[in-house]
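Could you put the whole structure together from the sequences, leaning on the hints where they help?
Chains as they are written, first to last, in my numbering: chain A, 13 to 402; chain B, 49 to 191.
It should be emphasised that the hints constitute simulated quantities derived from the structure, not laboratory data. Wrong hints could be hidden among the right ones.
Said to hold, decoys possible - Listed below are the simulated DSS-like cross-link pairs for lysine-lysine, each with C-alpha atoms no more than 30 Å apart in a straight line:
1) A/K196 <-> A/K257
2) A/K367 <-> A/K50
3) A/K367 <-> B/K172
4) B/K172 <-> A/K257
5) A/K279 <-> A/K371
6) B/K118 <-> A/K312
7) A/K27 <-> A/K175
8) B/K166 <-> A/K257
9) B/K118 <-> B/K80
10) A/K257 <-> B/K89
11) B/K166 <-> A/K175
12) A/K312 <-> B/K166
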Amino acid sequence: MALRDTAIIGYAETKIVEKSEHDVWALGAQILETLLDKTGFEKGEIDGLILSSSMTGAGNCFWSQTTADYLGLEVDFSQTVDVGGSSPNGALARAAAAIDAGLATTVFLLFADTQSRENNSRLRSFANEWTQPQGLLGPPAAFGFLSKRYEHQFGLNYESLGKLAVAQRDNAVLNDNACEKLRKQITVADYMSSRMIADPVRLLDCVMVCDGASGLLVTSKSRAKAKGIDRWVSPIGYGERTNFKSSENVVDVTVSGHSVAGERAFKQAGLAAKDVGSFHPYDDFIIAIMLQLEMLGFCKHGQGSSFIQEHGFTWSGDLPLNTGGGQISAGQAGLAGGGTNLVEAVRQLFGEGGKRQVKNISNAVVTGIGGIPYARNWGTSTVMILTPDA
Amino acid sequence: MSTMPNDTLSVERQAPTPRSFSRSYWEATREKKLLIQYCRKTQQFQFFPRPTSIFTGRHSDLEWREVSGKGAVFSYTIARRGPEPFRGHEPYLMAVVTLDEGVNVMGDFVHCALEDIKVGMRVKPFWAPLPNGTNLLMFEPDR
Chain A
13 MALRDTAIIG
23 YAETKIVEKS
33 EHDVWALGAQ
43 ILETLLDKTG
53 FEKGEIDGLI
63 LSSSMTGAGN
73 CFWSQTTADY
83 LGLEVDFSQT
93 VDVGGSSPNG
103 ALARAAAAID
113 AGLATTVFLL
123 FADTQSRENN
133 SRLRSFANEW
143 TQPQGLLGPP
153 AAFGFLSKRY
163 EHQFGLNYES
173 LGKLAVAQRD
183 NAVLNDNACE
193 KLRKQITVAD
203 YMSSRMIADP
213 VRLLDCVMVC
223 DGASGLLVTS
233 KSRAKAKGID
243 RWVSPIGYGE
253 RTNFKSSENV
263 VDVTVSGHSV
273 AGERAFKQAG
283 LAAKDVGSFH
293 PYDDFIIAIM
303 LQLEMLGFCK
313 HGQGSSFIQE
323 HGFTWSGDLP
333 LNTGGGQISA
343 GQAGLAGGGT
353 NLVEAVRQLF
363 GEGGKRQVKN
373 ISNAVVTGIG
383 GIPYARNWGT
393 STVMILTPDA
Chain B
49 MSTMPNDTLS
59 VERQAPTPRS
69 FSRSYWEATR
79 EKKLLIQYCR
89 KTQQFQFFPR
99 PTSIFTGRHS
109 DLEWREVSGK
119 GAVFSYTIAR
129 RGPEPFRGHE
139 PYLMAVVTLD
149 EGVNVMGDFV
159 HCALEDIKVG
169 MRVKPFWAPL
179 PNGTNLLMFE
189 PDR
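Below, the structure written as structure tokens:
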């Protein structure tokens with residue numbers, strides 16, 4: 013099967029910064045060099061390139077082609093995945109499919125964005141007619157609606173969300189690549205008193221847009237073995253859903269496409285939520301983590317806040333979660349930010365988590381969220397399950 | 049004590065450029081009429097305007113129907129930090145409203161104190177003029 017035959021043989025990431033001094037392609041070059049150093053592969057052995065979405069790259073509709081040119085890569089397979097924060101997970105799934113189909117043997121996955129330094133996006137969407145004239149402040153307002161609706165349906169203990177925010181900060185303090193501004197411990201009281209942005213979404217619910225890059229080198233297990241590599245991480249389950257409940261006008265925003273993507277991924281992997289070694293959910297807003305805990309079956313729908321009260325989520329907790337701090341506490345590298353949590357999961361499964369190494373490295377689950385649609389929760393939901401040395 | 053949010057009516061909004069398939073909506077707002085798309089085949093409304101029926105995938109199933117704009121609050125948020133040109137006009141209220149025809153519409157919410165808005169509250173349309181003679185759909189309490 014395509015997924016299980018795939019070997020992630022190396023990972024790399026830059027430090028995440030508020031505003032990069034370096035061009036996005038310079039960050040890409042840094043990721044490429046690290047991957048070559050780590051795996052012993054030569055540049056000429058890379059025959060596939062898959063990029064995440066990128067606000068910087070959004071000004072160029074030849075993005076993967078031009079990036080290949082700047083990095084001196086001659087490839088048989090080249091594409092950009094355009095499902096926003098879900099695109100790093102999506103890139104890994106597409107790399108596995110491309111390798112399985114014989115389109116490429118060794119694929120460089122690059123997640124690079126310098127949204128803060130250079131944002132070239134001009135989004136053609138519903139916004140110009142249906143949300144800009146109304147003054148909707150994009151994602152924070154969308155998550156304000158979602159949170160208020162969740163509160164109406166189930167009640168919501170905001171201190172539970174605060175507990176997640178605190179746990180991610182504790183993790184970020186141990187992550188040298190996290191944005192320095194965010195590497196300061198916070199308390200639940202700090203969370204509760206942080207200023208409202210779009211009620212009930214507070215400042216400490218939100219990601220901070222940053223610049224940074226990460227990446228993976230992916231090949232087949234047989235190719236890895238032939239190169240004398242004996243350690244890798246493999247995807248064993250994947251689910252992706254775009255435009256969940258597309259034909260409904262009034263959707264329950266407390267239910268996401270992760271319900272179907274998660275079921276598919278867990279079924280492929282032969283695992284259930286109770287088996288998860290570490291969880292790396294996409295975190296643009298804290299409540300998104302809670303919703304994903306519910307959607308993936310860690311707890312029942314509507315019971316996220318009591319589940320959070322009963323469990324520990326730092327790297328040493330019973331459910332280690334975003335052990336590098338997640339995007340909210342490490343910084344969101346634009347649309348490449350999904351790579352931060354994906355690379356952290358791979359790092360943990362290689363046993364290279366250092367001071368924040370989790371105990372259970374039998375598997376890790378990484379999710380993605382991409383795009384904010386009209387009066388719904390999010391556009392694309394992905395769930396990727398990884399295991400070491402499979 | 050109640051806090052009245054900004055009604056944002058003094059914000060200098062630009063009228064949006066309609067798409068080829070949303071022109072009928074915007075034209076109708078000149079007379080403060082709310083037209084939304086209706087799929088004859090499945091007998092359901094849809095919002096926002098699309099180039100095809102989101103139920104059948106066939107454009108030919110669509111027609112425009114005038115509706116009252118009355119409905120109930122599905123959810124809401126208080127914008128504490130708006131984008132330009134709303135910066136400086138905060139706080140203002142925004143709501144997702146479920147129209148009686150079964151579609152969710154997002155809009156500014158006016159003439160209601162911050163403490164008074166509730167999920168489920170009945171609402172009616174309030175039209176705010178745009179520079180080109182069209183009107184922007186907002187909502188207010190239907191008391």
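We went through each hint and held it up to the structure:
1. A/K196 <-> A/K257: Violated, at roughly 40 Å.
2. A/K367 <-> A/K50: Given that 30 Å is the threshold and the Cα spacing comes to 21 Å, the pair holds.
3. A/K367 <-> B/K172: The given pair, whose Cα atoms are some 57 Å apart, is violated under the 30 Å limit.
4. B/K172 <-> A/K257: holds (27 Å)
5. A/K279 <-> A/K371: holds (24 Å)
6. B/K118 <-> A/K312: Roughly 34 Å separates the two Cα atoms, so the pair is violated.
7. A/K27 <-> A/K175: holds (25 Å)
8. B/K166 <-> A/K257: With a Cα-Cα distance of about 26 Å, the restraint between B/K166 and A/K257 holds, given a limit of 30 Å.
9. B/K118 <-> B/K80: Roughly 13 Å between the alpha carbons, so the hint for B/K118 and B/K80 holds.
10. A/K257 <-> B/K89: Judged against 30 Å, a Cα distance of about 19 Å means the pair holds.
11. B/K166 <-> A/K175: holds (27 Å)
12. A/K312 <-> B/K166: Between A/K312 and B/K166 the Cα gap is close to 26 Å, so the pair holds against 30 Å.
Checked against the numbered hints above, the structure breaks hints 1, 3, 6 and satisfies the rest.
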